[in-house]
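Trainee: Listed below are the residues making up each chain.
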Amino acid sequence: MRLWPRRKVRPSPDVILPPEGVPLTLRVAGIGVRLTAQITDVLITLTGMACILILLALLNLTRPQTLFAVAALIFFLIRIPYYVVTELVWNGQTLGKRLMKIKVVSHDGRSLGTHAIVLRNLMKEAEIFLPGTLLLTLDNATPIASLTAFGWVVMAFLIPLFNPYRQRFGDLLAGTHVIHLPQPVLLKDLARDAPEPREQGRKLTFLAHQLDHYGAFELQTLEGLLRADDRQLSPAAYANHRKTLATIIEKIRRKIGYGDPVPPEDHAAFLSAFYTAQRAHLEQRQLFGDRRADKHHAEADPPA
Amino acid sequence: MDQTHHLRSARFRAEREADWQLLEQLVSLAERRGLHRMEFAQARDLAASYRRATTSLAIAREISLDRALLEYLEALTARAYLSVYAPQERLGGLVSRFFLTSAPQAMRRSWVFIVIGFACMGLGALTGYLLYLENAAWYFVFLPPELAGGRTPEATTGFLRSVIYDSDPDSSGLGAFATYLFSHNTRIAIFVFGLGVFLCAPAILLTFYNGLSLGAIMALHVDRGLGWDMGGWLSIHGVTELSAICIACGGGVQLGAALLFPGVRTRRDALQHAGRDAVKLALVAALMLVVAALLEGFLRQQVQDMSTRYTIGWGIGALWLLWFVFAGRVRK
Chain A
570 MRLWPRRKVR PSPDVILPPE GVPLTLRVAG IGVRLTAQIT DVLITLTGMA CILILLALLN
630 LTRPQTLFAV AALIFFLIRI PYYVVTELVW NGQTLGKRLM KIKVVSHDGR SLGTHAIVLR
690 NLMKEAEIFL PGTLLLTLDN ATPIASLTAF GWVVMAFLIP LFNPYRQRFG DLLAGTHVIH
750 LPQPVLLKDL ARDAPEPREQ GRKLTFLAHQ LDHYGAFELQ TLEGLLRADD RQLSPAAYAN
810 HRKTLATIIE KIRRKIGYGD PVPPEDHAAF LSAFYTAQRA HLEQRQLFGD RRADKHHAEA
870 DPPA
Chain B
-15 MDQTHHLRSA RFRAEREADW QLLEQLVSLA ERRGLHRMEF AQARDLAASY RRATTSLAIA
45 REISLDRALL EYLEALTARA YLSVYAPQER LGGLVSRFFL TSAPQAMRRS WVFIVIGFAC
105 MGLGALTGYL LYLENAAWYF VFLPPELAGG RTPEATTGFL RSVIYDSDPD SSGLGAFATY
165 LFSHNTRIAI FVFGLGVFLC APAILLTFYN GLSLGAIMAL HVDRGLGWDM GGWLSIHGVT
225 ELSAICIACG GGVQLGAALL FPGVRTRRDA LQHAGRDAVK LALVAALMLV VAALLEGFLR
285 QQVQDMSTRY TIGWGIGALW LLWFVFAGRV RK
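Which chain is which? The protein sequence lines are A and B, in order. According to my numbering, the first sequence holds residues 570 to 873 in order. According to my numbering, the second sequence holds residues -15 to 316 in order.
Pulled out of the complex, with its shape left as it was, chain A reads as follows:
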């Protein structure tokens, strides 16, 4: 039996293998989210810089000629420890990253080391901030330096676009990447509290050959539909929903060859009974090594 298609499958970038050996899915954070977090952090550090600068000005410690240089110095002295310390204390999250619910993880699934955090944040300095500052301070007199700094910053922004983990150059060196923090929400088990059919004495049963038509994909689509049932709906939307249910039930009945028509008041009960029976059947097959991904399982993988 062939489980995988022949062509070379690249491992998904969202999978991390922790030392326990059970692969975990942690979605890689995109450029937009990370940029937002970064801008938030820059705003926070800039605010800190402005406060100190005003304090220095009030104490008469600065001169107008050197104001820019002093500002750059203070910004530099604030932001260098800011990123390293916040990521160390909050386990790979700066304030901006906490806001956007993203987080730095080690690429190899091990613990995020101090070295990695220090390295990736110092490289941020060399990648973006210092060439950026240079770009702001230079003028027309030195076109070569300006162009070099500009090209450097553009390159630093382009590197993440060309690798699946969206790593910056600093991430590449430190062996880290940034992920979305997953939110665990436990929904109720649909198979446990299924509604009873209204019609007394009537039991909905499905035969094995009737359950052979669908696979996991259809089952989970049905699960999504049943869970959506819980929401509050407006009357128009509710009528629409009832119509969808009727169509789906008609389709299922025709496909599996279920004889009796289902009265409208039993629609919900029929669907959950079918869900439970189908899930029991598919899980049973899966235990025996017969994984059915979707309704095309019969053509894709003929039984030996």
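Hint data in this document are derived by calculation from the structure and do not stem from the laboratory. A quick note: this is a predicted structure, and the numbers were derived from the prediction, not measured. Please note: incorrect hints may appear among the correct ones.
Computed footprint of chain A on chain B; a stretch qualifies when at least three of its residues, placed anywhere within it, have a C-beta under 8 Å from a C-beta of chain A [said to hold, decoys possible]: (1) 38 to 44; (2) 109 to 115; (3) 261 to 268.
Partial selection, computed: residues in chain B whose CB lies under 8 Å from chain A [claimed, not checked]: (4) Glu8; (5) Ser67; (6) Glu73.
Glycine residues also receive a C-beta, built at the ideal position from the N, C-alpha and C atoms.
Starting from the structure of chain A, add chain B where the hints point.
Mentor: For chain B alone, kept in the frame of chain A given last:
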């Protein structure tokens, strides 16, 4: 017995649900307060419960088709993984370890690259010196006008002397410190390190070029009989600052060399491996640049005596060398 109990996956979930909810509480506690502030029993339960959850996840993937359950377990285990494998190092220990052991050890390990850095600078200075003596017009090639600050071959000897022994109070203090820190040499150091990744060449060329301008300016002053005075003016911060550039060059060359000659590793692994020492070199260079800016901003204008300038400059250089050579040695 109702039908759901025939469902293996539903029974599986019912048996373990309480444990998962406990883990959820422990994880949120660990995320809010940090692992090291949790009680012993809680930390122990977190680790054990996390490992049970990974087992549950592995089993659920095999036996369950309930997407809600799979997604929940996946997210819960991932959250627990992130808090169990959190960095567990104190900040204080980190700083002292850097100064006492890891930085000097990294310096000693990469001495070859640092020697290359110094050699680039030295050769550049020698070339610049000789070329200037051959033809003074080279001076304008090596030194951009804003760096020379009027110190050109046309300037009078009196003017050159006045720059060396200038005690303008405006060029001292916090503002001057900040200005010097972000001056020409810091930019050179950053570029030298960062560009080293591109197969060493830019780092070596930039350092060599920096040496050229150093040699040319020295030659100009030696030509006017101000060689020793210029030496003193440069020494007080230059010993530290130019060494910082050479060390940054060493770090850059180390990164470039890892890409050029990765050995048995892949290029990416070699780069990561070389990065461990190269970053420490960059940090040392940054520290030295800050010290150099302090010296330049506060001491250079206040100390006007030539021999004191030499003593301070080279004395601090010797202290750096002592730190690199003797700190963090492991006693056998």
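Trainee: Work down the list of hints and note, for each, if the structure agrees.
Mentor: Structure-based check of all given hints:
no. : hint       : in the structure
1   : 38 to 44   : holds (count 4)
2   : 109 to 115 : violated (count 0)
3   : 261 to 268 : holds (count 3)
4   : Glu8       : 6 Å, holds
5   : Ser67      : 7 Å, holds
6   : Glu73      : 5 Å, holds
In summary, the one numbered hint that this structure violates is 2.
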